[in-house]
Each structure stands twice: as C-alpha cells, then as structure tokens.
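Protein chains in written order, with the working numbering: chain R, 102 to 346; chain L, 102 to 346; chain W, 102 to 346; chain P, 102 to 346; chain S, 102 to 346; chain Z, 102 to 346.
Read the hints as simulated data drawn from the structure, not as lab findings. Just so you know, these numbers come straight off a predicted model, no measurement behind them. All residues carry an ideal CB built from backbone N, CA and C; glycine is no exception. Just to be clear, a hint being listed does not mean it is correct.
In the DSBU-like style, the derived pairs of lysine-lysine whose C-alpha atoms are separated by at most 30 Å in a straight line are [what the hints assert, rightly or not]:
(1) R:332 <-> L:260
(2) W:262 <-> P:262
(3) L:239 <-> L:260
Only part of the chain S face toward chain W is listed, based on derived beta-carbon distances under 8 Å [what the hints assert, rightly or not]:
(4) 292
(5) 293
(6) 337
Derived Cβ-Cβ restraints for the label pairs, each shown as a range [said to hold, decoys possible]:
(7) R:251 <-> L:130: 47 to 55 Å
(8) Z:254 <-> S:333: 17 to 25 Å
(9) S:296 <-> L:328: 45 to 53 Å
(10) W:289 <-> R:164: 35 to 43 Å
(11) Z:293 <-> R:164: 26 to 34 Å
(12) P:254 <-> W:235: 44 to 52 Å
Take a look at the letters that make up each chain.
6 protein chains.
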Amino acid sequence: MRILIVNPNTTVSMTEKAAAAARAVAGHGTEIIAATSKSGPASIEGHYDGAIAVPGLLTEIRDGQAAGAQAAIIACFDDTGLDAARALADIPVLGLCESAVVTAALLAQRFTVVTTLERSRVLIENLIRHYGMGGRAKVRAADIPVLQLENEASGAIHKLKRQIERALGEDGAEAIVLGCAGMADLARSLQREYDVPVIDGVAAAVKQAEALVAQGLKTSKRSSYAAPLPKLYIGAMSGFAPTAS
Amino acid sequence: MRILIVNPNTTVSMTEKAAAAARAVAGHGTEIIAATSKSGPASIEGHYDGAIAVPGLLTEIRDGQAAGAQAAIIACFDDTGLDAARALADIPVLGLCESAVVTAALLAQRFTVVTTLERSRVLIENLIRHYGMGGRAKVRAADIPVLQLENEASGAIHKLKRQIERALGEDGAEAIVLGCAGMADLARSLQREYDVPVIDGVAAAVKQAEALVAQGLKTSKRSSYAAPLPKLYIGAMSGFAPTAS
Amino acid sequence: MRILIVNPNTTVSMTEKAAAAARAVAGHGTEIIAATSKSGPASIEGHYDGAIAVPGLLTEIRDGQAAGAQAAIIACFDDTGLDAARALADIPVLGLCESAVVTAALLAQRFTVVTTLERSRVLIENLIRHYGMGGRAKVRAADIPVLQLENEASGAIHKLKRQIERALGEDGAEAIVLGCAGMADLARSLQREYDVPVIDGVAAAVKQAEALVAQGLKTSKRSSYAAPLPKLYIGAMSGFAPTAS
Amino acid sequence: MRILIVNPNTTVSMTEKAAAAARAVAGHGTEIIAATSKSGPASIEGHYDGAIAVPGLLTEIRDGQAAGAQAAIIACFDDTGLDAARALADIPVLGLCESAVVTAALLAQRFTVVTTLERSRVLIENLIRHYGMGGRAKVRAADIPVLQLENEASGAIHKLKRQIERALGEDGAEAIVLGCAGMADLARSLQREYDVPVIDGVAAAVKQAEALVAQGLKTSKRSSYAAPLPKLYIGAMSGFAPTAS
Amino acid sequence: MRILIVNPNTTVSMTEKAAAAARAVAGHGTEIIAATSKSGPASIEGHYDGAIAVPGLLTEIRDGQAAGAQAAIIACFDDTGLDAARALADIPVLGLCESAVVTAALLAQRFTVVTTLERSRVLIENLIRHYGMGGRAKVRAADIPVLQLENEASGAIHKLKRQIERALGEDGAEAIVLGCAGMADLARSLQREYDVPVIDGVAAAVKQAEALVAQGLKTSKRSSYAAPLPKLYIGAMSGFAPTAS
Amino acid sequence: MRILIVNPNTTVSMTEKAAAAARAVAGHGTEIIAATSKSGPASIEGHYDGAIAVPGLLTEIRDGQAAGAQAAIIACFDDTGLDAARALADIPVLGLCESAVVTAALLAQRFTVVTTLERSRVLIENLIRHYGMGGRAKVRAADIPVLQLENEASGAIHKLKRQIERALGEDGAEAIVLGCAGMADLARSLQREYDVPVIDGVAAAVKQAEALVAQGLKTSKRSSYAAPLPKLYIGAMSGFAPTAS
C-alpha cells in the first residue's frame with residue numbers, strides 16, 4: 102500500500118519530520134511517500150497562509166494519485182484544502198485535525214488540543230465544531246511560531262508542556278492532541294511523561310488512511326465531492342486544472 | 102465611499118452583472134469598483150474550483166485596498182476565501198452567503214436558499230450552520246450550471262422557480278435567498294411574483310459593506326484575523342505574498 | 102428615507118442619546134425620527150420591565166408607520182417586543198441586540214457583549230443563542246443601573262472598561278458589543294482606546310434598517326409574522342388593537 | 102394548596118374549559134382558582150396578540166399571589182409572559198408548552214406538537230428549541246382559529262385528528278402534545294383512540310405546579326428572575342407596577 | 102397510588118434514606134414502596150458499576166409492576182438503565198437526573214449539579230446534554246465516595262458546600278441540583294442556608310411519577326420503548342427474561 | 102497484534118459472520134479472536150436486550166484482556182456497554198456504530214445508516230448525535246428482525262436495498278452505513294451495486310482497533326474511564342466484579 106503525505110508548508114525539514122512520524126506507525130507493507138509542496142508559504146500560520154498553500158498542495162495530490170498513491174494525507178493541522186482535495190482525488194484524503202480528534206474521541210470523553218499560535222486557536226476550534234466534537238474539546242495556543250518547532254533551543258517544548266499541564270489541571274482533559282504537524286516527534290515522550298493519551302495528527306492520519314484502503318473505501322463522488330467539472334483556468338492558476346499532469 | 106467587488110470567477114460577464122446589481126442598491130456617494138480575478142477557473146462549482154480561485158481573489162483584494170477601497174466584497178455565494186481575505190485586509194470584507202443569510206434572518210424566521218448545483222448544496226448548508234442559521238434555513242439545488250445563468254435560453258429560470266415554489270410549499274420558507282451571484286438580476290422580479298422577500302447576496306453585501314464603513318468599523322486584527330506574518334512564498338505562488346504590489 | 106427609532110424606556114434623555122447616535126451614522130438622505138414610548142417603565146431592567154414596555158412601544162411603531170416611516174428600530178438591547186413588532190408592521194423592524202451581533206460577526210470570530218445588570222446577562226445570552234451566535238459570544242454584566250449611564254459621575258464608565266478589559270484578556274474577545282442603548286455615545290472612544298471593533302447597537306440597527314429599505318425588502322408576512330387577525334381587545338389594553346390610530 | 106390558573110385570552114369560556122381540565126387532575130387538597138385576564142385580546146394567535154396579553158396576565162398573577170396562591174399557571178401554549186411572570190412572582194409559575202414538553206420527554210423519545218394556526222408553528226418550534234427539546238419534537242399546525250375550538254360544529258376536531266395521524270405516520274412520533282389550551286378536553290379521548298400518550302398542557306402544568314409546591318421549591322431570585330426594581334411606570338401602563346394592588 | 106422506588110445500589114441504608122426523602126414529599130394517598138436491588142455493586146460509581154447494576158434493577162421493576170406499582174423510580178443520579186426500564190415496563194419510569202434537571206429548569210435559567218466523584222462528572226454532563234439542558238447547566242464533582250455520604254463524620258458535607266459556593270460565585274448558578282441519591286436528606290437545609298432552590302432528584306422523581314399517574318399517562322410503546330421481543334436468555338442472565346416472575 | 106471481537110448476542114452464527122468480516126480486513130500480523138457472550142439474549146433488539154447483554158459482554162472483555170488481547174471490539178451496532186467496557190479495560194475498546202460513523206465522515210459529508218428494527222432507529226439516532234454527527238446522518242429502519250439476517254430466504258436483503266435506494270434518492274446520502282453486525286457480509290456487494298461507499302461497522306472497528314494499537318494509544322484512565330473501584334458485588338451479579346478471573 103502506498104500512502105502519499107503532502108506537506109503544504111514549503112519547508113523540507115518539516116516534511117522529513119512528518120515522514121518519519123508516518124513511517125514509525127505505518128503497517129507492514131505500507132510505503133510512505135512524502136512530498137513537499139513546490140509553491141506556497143514556508144509555514145502555515147493562520148487563514149491567509151492556509152489559503153495560499155492550497156494550490157501547491159492540490160498539485161502534489163493530483164500527481165501523487167497519478168503515480169499510484171492509494172491515499173493521501175495533508176500534513177497540516179488546519180486541514181487546509183481538505184474538501185478541495187477530496188473533490189479532486191478518487192483516493193481517500195485525510196487531514197491531521199480530523200484524524201486526530203476522531204482518534205482522541207475513541208479514547209477519552211474530553212480532550213484538549215494544544216496548537217502553536219493564537220491566530221490558529223479559533224480556526225481549529227471551528228474545525229472541531231464542524232467535525233462534531235465541539236462539546237468535547239478545548240483548544241489552547243502555546244505561542245510558538247511553527248518553524249521554531251524545528252529548533253530545539255527555542256523553548257518551544259517548555260511552552261507546549263505548560264499548556265498541557267493547564268489542560269490537565271483546568272480543562273478536565275482526559276487526553277491531549279498535538280495541534281501541529283511539527284510536533285509529531287514529541288507525542289510518545291509526552292504521553293509517557295503525563296500518563297495520558299497524547300495523539301499526533303500525522304500518526305492518526307496514516308492509520309486512518311491505511312484503514313480506509315484496507316476496507317476498499319474511497320471518497321464518495323456523489324454530491325459534495327463530485328469530481329471537478331472540466332473548465333478553463335487562466336492566469337497564474339492555469340497550471341492547476343484538475344486533470345493536468 | 103469606495104467599495105471593491107471582486108468576482109473570483111474569471112468570467113467577465115458575471116462581474117458586470119454583479120456590478121450592476123451592486124450599483125442598483127449602492128447609497129448616494131458610494132462608488133462600486135468591480136474587478137474580475139485574473140487567475141483561476143471560469144466559474145466556481147464546488148470545492149475544487151473554490152480553492153483554486155482564492156489566490157487570484159486575494160490579489161484583487163490586496164491591490165484594491167492599496168488603491169483606496171474602503172471595503173471589499175467576494176462575489177461568490179460559497180464565500181470562498183472569506184477568512185483569508187479578512188486576515189489579509191484591514192478593510193472589512195463581505196461574503197455573499199453570510200450577508201444574505203444575515204439579511205434574511207432580519208425579515209423571516211425560516212427561509213430557503215436556492216443554489217445552482219447539487220455539489221454546492223451541502224457546502225452552503227455547512228456555511229449556514231457555521232454562521233449559526235442552520236436551524237432556520239434549508240438549501241435547495243436547482244441543477245443549473247453557473248454559466249447557464251448568463252444564457253436566457255437555458256431554461257435556468259424555470260428550474261429556479263420550480264425550487265422556489267417547492268420551498269414555499271414544502272419547506273415552510275418565509276423568505277427566499279438566491280444562492281449564486283449570477284442570479285442577482287432576478288431578485289426584484291421574483292419578489293414581485295411570489296410576494297415574499299427575495300434576497301440577493303450581492304445587494305446584501307453592498308449594504309453590509311456600506312454599513313460597516315459608515316460605523317467606522319474594520320475587521321478585528323486580534324487573534325483570528327491577525328495580519329499574515331512576513332515569510333517566504335515560493336514557486337507558482339511566489340507572487341501572492343500579502344504585501345507584494 | 103425615514104427611519105423611526107422608538108425608545109421603549111419612557112425616559113426622554115435616553116431617547117435623545119440614541120437619536121444622536123443614530124443621526125451620527127445615518128446615510129445622506131435618511132431622516133431619523135425619534136419617539137419615546139408614552140406608557141411603560143422609566144427604564145428596562147430585566148424581564149418584567151421588558152414585558153410591560155411592549156404595548157407602548159408597539160403603539161409608537163404602529164403610529165410611526167402610519168405617519169410614513171419606512172423602517173423602525175426598537176432602542177433597547179433586550180430586543181423586547183421585536184417579534185410582535187414584526188408581526189404588526191409592514192415595514193422592517195430592527196432590534197439592537199440582533200443588529201449588533203450580526204455586525205460583530207462580520208468582523209470577528211469571537212466577541213463579548215458587555216451589558217448593564219446581572220439580571221440581563223442570561224436574557225441576552227439566550228437572545229444570542231436564538232440568533233445563532235451562542236458559540237461565538239460571551240456576555241458580561243458591568244453592574245450598572247440603566248439610568249446611571251445618563252450620569253457621568255456615576256462611575257459607570259469605569260465599570261464598563263473593567264469588563265471590556267476582562268473580555269479582551271480572559272474571553273479571547275476579538276470585538277466588543279455594547280449591550281445597552283444608553284452606551285451608544287461611548288463606542289467610538291472605546292474603540293480608539295482598546296484598538297478593537299466596538300459595536301453600538303443603535304448605530305448597527307440604523308445601518309441595517311437603511312440596508313433593508315435600499316434593497317426593497319420588508320418583513321415577510323408568510324407564517325411567523327403574518328399580520329394580526331382582527332379581534333376584540335378589552336380593558337386597559339383596548340387601545341392597543343393593531344389598526345387603531 | 103391553592104393554584105392559580107390565569108387565562109391570558111380574555112374569553113371566559115376558554116377559562117372554564119381550562120379550569121375543568123385542571124380540576125380533573127388536581128391532587129387531593131389542591132384548590133384550582135381560575136382567573137380570566139381583564140385586559141387584552143379575546144384570543145392569542147401569534148406574536149402580536151401574545152405581547153398585548155401580557156400586562157393583563159401579569160396583573161392576575163400579582164393579585165393572585167397577594168390573595169394566597171402558591172403557584173400560578175399561564176393558560177396559553179405560547180408561554181407568553183412566562184419569564185416576566187417568574188421575575189414578578191415569588192411563587193412558581195408554569196407555562197403550558199414547557200410543562201407539556203417536559204412531560205412528553207419522560208414518556209417518549211420523539212413527539213409531535215399539534216397546534217392551531219400556521220402563524221404559531223414556528224413560534225412554538227422556537228420555544229421548544231429554547232427548552233432544549235428541539236431535536237426530539239416536531240410541530241404541526243392544524244389550521245384551526247383558537248376560538249373555533251369552542252365550537253363543536255367547526256370541524257376543528259377532524260383537522261386535529263388529521264395532523265395526529267400524519268404525526269404518527271410520517272414524523273415517527275411516539276407521543277402527541279396538544280398545542281393549545283383550548284384542546285384540553287380532548288386529550289383523554291384522543292389517547293384512547295390512537296393508543297399513544299396524548300399530553301395536554303393544562304393538566305401537565307397543574308401537576309408540575311403541585312410538584313414544585315410539595316417540594317418547597319420557588320422560582321430562583323438570583324440573576325434572571327430577580328424581582329423587578331422599583332421605578333416609575335407611566336401612561337396606560339401606570340397601573341402595572343409590580344407592587345400595586 | 103403506589104410508587105416503587107428501586108435502589109440499584111445494593112446498600113440498604115441508602116434505600117432507607119431515599120425512601121424517607123420520597124415519603125417526605127409524596128402526596129396524600131401515595132404509597133412509597135422501596136426496594137433494594139438484590140444483585141450488583143454496593144454503590145454505583147462510574148460506568149462499570151452502572152452497567153452491572155442494571156439487571157438487578159430491572160428485576161425489581163419487573164416484579165414491582167407485577168405487584169401493582171403504578172410508576173417506578175430508579176434511585177441513582179446516573180439514570181442507569183432508564184431506557185431499558187422504560188422498554189420493559191408499561192408503567193412510567195423516572196430517573197433522578199432527568200427529573201431533577203427538568204425541575205430545576207422550571208425555576209432557574211442556569212443551574213449547577215454537584216455530584217460525588219470526578220468519574221461521574223462527564224457522565225452526568227453527557228446525560229444533561231442528552232436531556233437538552235447542556236446550555237443551562239454545569240456539573241461539579243465534590244470528591245466524595247458515594248458510601249461516605251452515609252457517614253456524617255466523613256467531611257462530605259463540607260466538600261459539598263464548598264462546591265455549592267463555587268457554583269453560586271463562579272458559575273452564575275441560579276439553582277443547585279444535588280447529584281446523588283445519597284444527598285437527598287440535605288436539600289432542605291442547604292436551600293435554607295444558601296437561599297436558592299436546591300433540588301433533590303428523589304423528591305423530584307416522586308412528584309413527576311405522581312404527575313404522570315394522575316394524568317393517566319404511561320410510557321409510549323411505539324418505537325423506542327416497544328416491549329422486549331420474546332427470546333432466549335442464557336447463562337447467568339437466564340433469569341432476566343422480561344416476563345419471568 | 103491480537104484483537105478480541107466479542108459478540109454480545111449469544112448466537113454463535115452471528116459471531117462467525119462477524120469474525121469472518123473482521124479477518125477479511127485485518128492487517129498482516131493481526132490475529133482476530135472471536136468470542137460469543139455466554140450469558141444474555143440470543144439477539145439484541147432494543148434497549149432491554151442491550152442492557153441485559155452487557156454483563157456477559159464485559160466478562161468476555163475482562164477475560165480476553167487477561168488472555169492478552171490488545172484491543173477489543175463490541176460486535177453490536179448499538180454500542181451497548183461501550184462506556185462500561187472502556188472503564189473496565191486498559192486496552193482500547195471499539196464500538197461498531199462509533200467506528201462506522203467516524204469512517205463514513207472521512208468519505209462523505211452526508212450519509213444514512215440503515216438498521217434493522219424501528220425500535221433501534223431512534224436509539225442509533227441518539228448515539229450518532231452523542232458522537233457529534235447528528236447534523237450529517239440520517240437513520241432508517243428496514244424492518245428486519247436481527248436473526249433473519251442469518252437466513253437468506255427471509256427477504257431481508259430486499260428490504261435493506263429498498264432503504265438504501267430511498268437514502269440515495271430522498272436523503273441526499275453520499276455514503277451508506279450498515280447498521281447491524283449481521284449485515285457485515287453484504288458491504289462489498291452493495292458498494293459495487295450502488296457505487297457509493299458502504300461502511301460495515303465490524304470492518305471499521307477492526308481497523309480503528311489496529312490503528313490505536315499501532316499508535317501505542319490506550320483508553321484514558323483520567324476521569325470518565327477511570328478503573329472501577331474495588332467493592333462488593335452481590336447476588337446474580339457477584340461473578341461480575343471487574344478483577345475476577
């Protein structure tokens with residue numbers, strides 16, 4: 102089984118970290134193919150970056166599917182472009198936030214997501230409501246720029262732990278969700294330290310992708326995710342037609 | 102007062118129709134500046150088109166604000182790119198769906214949105230839930246490709262009326278919202294014919310834009326819509342940095 | 102365009118303040134006609150006052166419409182009598198709370214309403230839920246009797262600022278809504294001081310009223326707001342028949 | 102125990118029917134005191150009538166409490182004036198709609214309310230949502246003017262049965278709630294005929310009133326229902342001060 | 102009227118306390134028959150105990166109905182087995198949580214439930230959401246093992262009061278619900294001390310049971326609560342067939 | 102990896118069908134251990150059967166965990182006993198309904214569950230609301246007794262198809278969920294026939310179980326699912342203490 106993981110941030114070191122996290126949980130016989138978007142922002146921090154990252158992301162999904170991927174993962178916790186990717190692709194497409202909250206909900210009645218920046222907090226809160234988990238989850242921002250997660254000396258882990266402790270002490274959290282692809286390497290050690298389930302979206306998405314493929318399930322093409330209709334795309338976006346190669 | 106209306110569909114005839122609808126309701130002293138996106142799909146039909154249309158749309162908003170627009174309107178009922186545009190701009194940004202449902206809710210307890218294609222129906226239903234009106238509104242699709250609305254011989258109006266009649270007869274609708282920018286020219290005559298409020302999103306958005314400017318209100322820059330952070334944008338998207346000219 | 106603003110509190114100084122706020126934002130060509138209810142409580146503080154204020158309010162709307170008003174505003178943040186007024190009138194009728202939260206929602210994902218007394222806090226919370234914004238808004242009471250807002254020496258502004266600061270610091274508020282008609286004169290200065298959108302319901306309602314009139318929209322007369330049926334009204338209420346002059 | 106039942110419709114024959122229904126279920130030792138409002142509309146059909154009926158209703162509650170009533174019931178299914186009455190009175194106050202849906206929910210997972218006129222349908226739907234039962238109940242209108250329920254030859258019962266049959270056949274209703282005080286005499290025979298629980302709001306409210314008194318419970322005077330503050334009431338409403346006799 | 106109250110905890114002293122609370126509010130002519138489950142855990146603390154307690158509870162309801170009870174009460178605030186009991190019995194069945202929150206909602210807009218252990222807090226929160234009161238109620242755990250409520254020297258009352266004080270001071274609670282059958286004897290004195298309604302689930306359930314019987318209402322047997330179908334029960338559960346005696 | 106699948110229906114032929122469905126999707130290296138409950142009803146049809154089935158089910162989970170299972174699945178679409186099992190076990194526990202709707206939601210915006218009997222329809226509707234998917238899913242009953250699914254000549258498949266067709270034609274369903282463990286063998290052929298995703302809960306639960314184990318995730322033991330406290334269990338339930346062997 103081949104699973105494509107696309108980093109919509111154009112920073113290669115983040116892709117490598119996500120790929121490593123994906124490979125660490127992938128099943129026997131699953132090949133993880135990691136791709137970094139070739140156009141868009143270096144990191145996704147808030148709504149603007151998220152929107153600009155989508156065309157580059159969609160290109161990787163289109164090309165990955167053409168090259169034989171059986172499922173695709175969008176390696177950003179904001180689930181940017183997820184609906185568009187599902188309309189584009191025949192294969193299943195997974196987002197980190199959706200995969201992670203669905204996983205947390207199998208283990209705990211109440212949980213807290215800890216994300217990076219305040220500007221992403223409400224965005225993620227709204228996503229979680231849309232996924233139906235608004236009554237079960239809180240979201241906290243740890244005040245960490247995304248690319249600082251690549252830098253061990255940044256104090257980022259200390260800030261992250263501070264919010265996990267508040268989640269456990271103040272929110273009644275029974276599990277913790279790490280709200281950024283760049284935190285994927287920390288899940289296991291934090292789980293040991295705090296003795297609660299700590300869910301990483303990358304790992305969660307890989308397992309959901311494998312699960313769908315194993316069940317022979319693909320994105321529905323009725324109504325919401327019907328394939329894009331053929332039409333003209335012009336200007337800087339002319340290369341982003343759904344069937345171009 | 103200068104209000105920018107951006108058509109994220111790259112079809113100029115749609116822009117003209119929207120601009121005409123905007124000018125028909127604009128207040129004394131309001132100048133409507135209409136722009137057509139220079140990159141993206143000819144029409145927005147579903148999630149994929151909606152995502153690919155956003156960068157071109159954001160460029161027009163960025164440039165329009167630099168040229169002195171005091172508010173901006175995204176002329177597509179899917180409200181594609183609305184959150185990104187609010188993060189980008191200092192001026193208020195309005196979407197057609199949000200403006201229309203907010204307007205309908207001031208006039209009626211229950212209403213129905215009639216949109217074009219089935220693939221947009223749930224998308225709009227989800228938007229309306231996100232805006233808090235899910236318990237008050239139904240959404241119907243009239244099975245009309247967006248560009249057929251430009252063509253009087255297409256039978257589109259007949260299909261639209263059929264759904265309005267079902268909304269009034271079966272849904273308990275007390276008002277009708279036209280769910281596509283391309284229907285803007287039909288609101289007044291349909292209102293006369295059916296003797297219920299018929300809301301067009303373009304007109305609604307123009308009046309909301311004027312209202313915000315007159316009150317001296319701008320998009321909040323705390324948290325959700327904080328301005329994009331400076332960073333590198335690469336590849337095909339390198340021209341879409343938020344401060345480029 | 103003539104817009105009637107009715108103060109359902111029978112205190113004339115409040116009417117004058119609201120009328121001034123209305124005129125400050127009214128469009129070119131809009132005439133604001135302010136009326137004070139001639140029967141009911143001096144101020145509306147809680148459910149009982151709100152109910153007793155309604156007949157006097159409805160009389161002013163009935164008479165104002167007969168005298169040519171094209172829209173009406175109920176100048177009380179509790180939106181008391183709003184549904185009844187919509188059933189009575191053919192012209193659009195706006196409430197302050199509904200107009201203000203709808204306006205705030207165009208500018209911010211999360212916001213806080215600061216009202217006067219604790220007894221009004223849950224009442225407004227329930228209104229906001231009914232308007233579909235319950236997941237986006239918090240309500241705080243500043244412990245200020247309504248008529249103290251007329252008195253600069255009362256310390257009312259200090260109490261109000263204290264709650265605004267808590268909203269920004271503790272609630273994650275991205276905008277502030279002033280939850281009493283008597284605060285209308287403070288919006289601009291508070292907005293400057295705190296650098297977030299501060300929405301006043303009177304101004305918001307005037308602009309919504311103008312917006313509806315400009316679009317040729319009136320309250321739906323299907324179902325919920327059908328005109329009152331002719332019938333006998335007896336006793337102290339015999340003067341409140343819907344068509345009496 | 103003395104329970105006051107106030108008919109806010111000023112039609113005495115309705116009061117008698119409600120009083121009979123109340124006495125039929127009242128406990129040993131409960132005295133039912135029925136009062137008809139002395140000012141307001143002959144029948145309550147929609148929002149306008151509902152608002153105008155409130156002052157006369159509140160007067161009866163005020164005077165009834167002064168005369169020793171231990172609980173009060175508002176005999177109108179729209180629950181008009183319920184929050185105001187709870188703020189006014191120290192004794193518990195019950196509404197028919199709230200009492201009936203609370204009762205239905207103890208017997209059935211899903212139920213349908215059958216009310217009189219279409220103009221009341223959404224009003225009751227909104228009430229039921231406010232009471233938290235929106236996901237469990239549907240509302241149907243039988244197209245019966247309220248005062249026709251007093252007239253056996255009107256065909257009203259036939260229309261009512263038609264909607265009950267549709268509720269059972271199409272809505273998946275497991276119980277029926279009669280949505281008008283004027284239907285109180287029909288509950289038992291309809292229950293026998295359709296072999297499902299048929300709940301009458303008058304009977305439900307009497308039993309809730311007795312239940313609260315027996316438990317020594319009164320309306321909370323903290324926050325929402327704090328007693329009205331002393332103030333001036335002028336004009337036609339000057340007789341409606343909360344403490345007048 | 103005969104009302105059966107079944108304690109699904111197998112501890113007899115708890116049954117006696119609940120029976121006393123029931124008799125204190127029972128109407129003239131109501132006979133309270135108290136039964137203690139003969140199989141299951143000594144106390145119900147969390148989901149596991151709750152599930153294991155159900156068969157023994159259902160047996161008592163089956164046998165009590167056969168012996169002539171006209172309504173049954175499950176004397177545990179978790180409402181464990183409530184849906185199963187309603188399917189089993191023809192007579193009405195009441196739970197403490199449902200009865201208590203329904204009662205609180207007639208007296209207050211916002212209230213707080215104080216329960217025993219943290220492990221029951223979210224369980225009760227979920228129940229209250231299911232009953233439609235999630236937006237009106239908070240739940241607090243006082244950290245008291247259930248059987249300590251039988252022991253006056255345990256400090257349990259002190260812990261309970263601490264949470265009531267926080268509910269009034271921090272939650273905006275207008276009423277308090279005691280979230281354990283074992284607290285039934287404390288309601289009256291706490292109500293006096295804090296001067297807010299304090300609702301005990303046992304008393305509330307007794308009055309709801311009497312109310313239903315007086316109205317001639319029984320659990321609906323359409324759909325959700327249809328009687329169990331005849332079938333084989335094997336092993337340790339072979340004695341739990343619905344019609345065994 | 103060893104996954105235990107427990108059939109809480111005491112009918113062995115159903116266990117075999119579920120085990121076959123589980124093995125058909127299990128990953129390389131996963132061993133499926135199927136157990137049939139030794140005490141309880143032959144089939145679970147509605148709330149009563151569901152409650153009586155739980156102790157036998159919990160015994161199998163307790164014993165299976167002791168024998169080395171790394172995750173457990175409850176093979177009944179009503180998710181009966183799921184919370185109790187999660188409190189009991191250290192290993193993850195999956196329900197069919199929760200696993201299936203979570204899976205469907207990754208593939209489709211709207212879907213319909215087709216279950217067996219009308220008495221289970223609202224039960225499943227309530228479960229789905231509790232899982233946060235109430236706005237996305239409808240539930241239909243095909244009027245098939247559970248054990249008829251074992252009998253090919255029963256016409257059950259015809260009834261099932263009839264409801265699938267109505268779901269696609271009337272509900273706007275984009276995917277179908279089979280709402281009974283006994284339908285597990287039909288998913289692939291129905292998916293081919295109707296060309297939409299058809300989700301079987303058994304397969305979905307197996308893949309969720311594998312996913313959790315591979316991620317090193319277990320049920321949270323904080324708050325809701327804390328391990329049962331040691332205590333006395335008496336009577337017929339004395340063998341159901343959580344730590345008995």
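Original post:
That 26 to 34 Å hint for residue 293 of chain Z and residue 164 of chain R (C-beta), does it hold up?
Top reply: Since the Cβ atoms of residue 293 of chain Z and residue 164 of chain R sit about 29 Å apart, the hinted range of 26 to 34 Å holds.
**OP:** Determine whether the Cβ-Cβ distance between residue 251 of chain R and residue 130 of chain L falls within the hinted range of 47 to 55 Å.
**Re:** 52 Å, holds
Original post:
Between residue 239 of chain L and residue 260 of chain L, is the straight-line Cα distance small enough, at 30 Å or below?
Top reply: 17 Å, holds
Original post:
Taken at face value, is the distance from the CA of residue 262 of chain P to the CA of residue 262 of chain W at most 30 Å?
Top reply: 58 Å, violated
Original post:
Would the pair residue 332 of chain R and residue 260 of chain L pass a check requiring their Cα atoms to be no farther apart than 30 Å?
Top reply: Distance of about 23 Å is within 30 Å: holds.
**OP:** May I ask you to test the hint 44 to 52 Å on the CB atoms belonging to residue 254 of chain P and residue 235 of chain W?
**Re:** Holds - the Cβ-Cβ distance for residue 254 of chain P and residue 235 of chain W, about 47 Å, lies within 44 to 52 Å.
Subject >> Hint check: 8 Å Cβ-Cβ cutoff, residue 293 of chain S to chain W >> reply: Hint violated; residue 293 of chain S Cβ to chain W Cβ min 23 Å, cut 8 Å.
Original post:
So the hint says 45 to 53 Å: do the beta-carbon atoms of residue 296 of chain S and residue 328 of chain L match that?
Top reply: Check passed, 51 Å falls within 45 to 53 Å.
**OP:** Using Cβ atoms only, decide whether residue 337 of chain S comes closer than 8 Å to chain W, and label the hint accordingly.
**Re:** Hint violated; residue 337 of chain S Cβ to chain W Cβ min 47 Å, cut 8 Å.
Subject >> Range hint 17 to 25 Å (beta carbons of residue 254 of chain Z and residue 333 of chain S) holds or violated >> reply: Taking Cβ atoms as reference, residue 254 of chain Z and residue 333 of chain S lie about 22 Å apart, which means the hint holds.
Original post:
Hey, does the residue 292 of chain S contact hint survive, CB to chain W under 8 Å?
Top reply: Violated. Min distance 21 Å.
Subject >> residue 289 of chain W paired with residue 164 of chain R, Cβ distance criterion 35 to 43 Å >> reply: Violated: the Cβ-Cβ distance is about 53 Å, outside 35 to 43 Å.
Checked against the numbered hints above, the structure violates hints 2, 4, 5, 6, 10; every other hint is satisfied.
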